[in-house]
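For the protein sequence lines, the chains are A and B, in the order given. Counting in my numbering, the first sequence runs from 1 upward without gaps. Counting in my numbering, the second sequence runs from 95 upward without gaps.
By construction, these hints were calculated from the structure, which means they are not laboratory data. Idealized CB from N, CA, C, for every residue including glycine. Worth double-checking, as some hints may not be accurate.
A few chain B residues facing chain A, derived, Cβ under 8 Å [what the hints assert, rightly or not]: (1) A102; (2) S113; (3) Q140; (4) A146; (5) V153; (6) G155; (7) H161; (8) G176.
One-sided excerpt, in silico: chain B residues whose CB lies under 7 Å from chain A [to be verified]: (9) T96; (10) L107; (11) G110; (12) L115; (13) I130; (14) T150; (15) T163; (16) A201.
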Amino acid sequence: MIPLLVLWAHVDQRRANATSLVAIIPIAIAAVPVYYFTKGSPQVDLRVALFLVIGSVVGAYLGARLLKSVPDRPLRYGVAALMLLVGVKQLVFP
Amino acid sequence: MTWMDVAAIVGGLFAGVLSGLVGIGGGQVFVPLLTIGFGASQIVAQGTSLAAIIPTAFVGGYTHVRHKTVDLEAAVWTGGGGVVGAVVGALLAVHVAGPLLARIFGALLITSSFLLFRRARSQPETP
Numbered sequence: 001m002i003p004l005l006v007l008w009a010h011v012d013q014r015r016a017n018a019t020s021l022v023a024i025i026p027i028a029i030a031a032v033p034v035y036y037f038t039k040g041s042p043q044v045d046l047r048v049a050l051f052l053v054i055g056s057v058v059g060a061y062l063g064a065r066l067l068k069s070v071p072d073r074p075l076r077y078g079v080a081a082l083m084l085l086v087g088v089k090q091l092v093f094p
Numbered sequence: 095m096t097w098m099d100v101a102a103i104v105g106g107l108f109a110g111v112l113s114g115l116v117g118i119g120g121g122q123v124f125v126p127l128l129t130i131g132f133g134a135s136q137i138v139a140q141g142t143s144l145a146a147i148i149p150t151a152f153v154g155g156y157t158h159v160r161h162k163t164v165d166l167e168a169a170v171w172t173g174g175g176g177v178v179g180a181v182v183g184a185l186l187a188v189h190v191a192g193p194l195l196a197r198i199f200g201a202l203l204i205t206s207s208f209l210l211f212r213r214a215r216s217q218p219e220t221p
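Using the sequences and the accompanying hints, generate a full structural model.
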C-alpha cells in the first residue's frame, strides 16, 4: 500500500506512512473475523493480542509524534530498508 | 501476568513505535515477533497481528489526523478497496496458505523496496 501511494499516487513518504496506518483500520477489521471464525479453531491469540496492544497503543502515539520531526529522505530509505528486510525474511523463511 | 505477557507489552511498544512512524510497514513487525518470539504459527501470528493493529492504528491514525499528515481521501479509497482484498487475502491465508504464499509476498515486498530505493535516490528533498 505504501509503494502504491508513493510510486503511483505521488504522495510524499510522511503522508504515505500516516495514510496507510489509517487505511489499515477497515482492512484489519474485515480480515480478523476471517481468521477468527472460518477455521475450526480461532487463528487469533486474543491474550497475546491484548498485551501487545497495551504496549503498541503507547508506541503508536510516540511513533506518530516522532514522524512529524523526521525528514522525508531518511524516512524513504527507512521504509524501503524495512520492506526489504521483511521481504527477505518472508522469501527465505516463509 | 507472566513474563511472556511482559515481553508482549515490550514487543508491542516497539512494533507500535514503528507503526506510528512507518504505517503498516511497522505492523509487519508484529508477525516475525510472534513467530520467532512467541512460537506462534504463521497464520495465528497474522491473525493476532491484525487484531492488535486495530487499536494501534486507531491511536496512531488519530494522532496523524491531528497532525494533518493523513491524506483522508487516499485513506478512504485504499482502505475501502483494501477491504475486499483483505477478505479474499485472509481466506487464502487461512485455508490455502503455506510457504508459497509467504514467498510470493516476500518477493513482492523486495520488488517494492527496490522501486522505493530508486525513487528515494532520484527525488530531491521535499520540504
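**Report entry** Structure-inconsistent hints, enumerated in ascending order
**Finding:** 9 and 13
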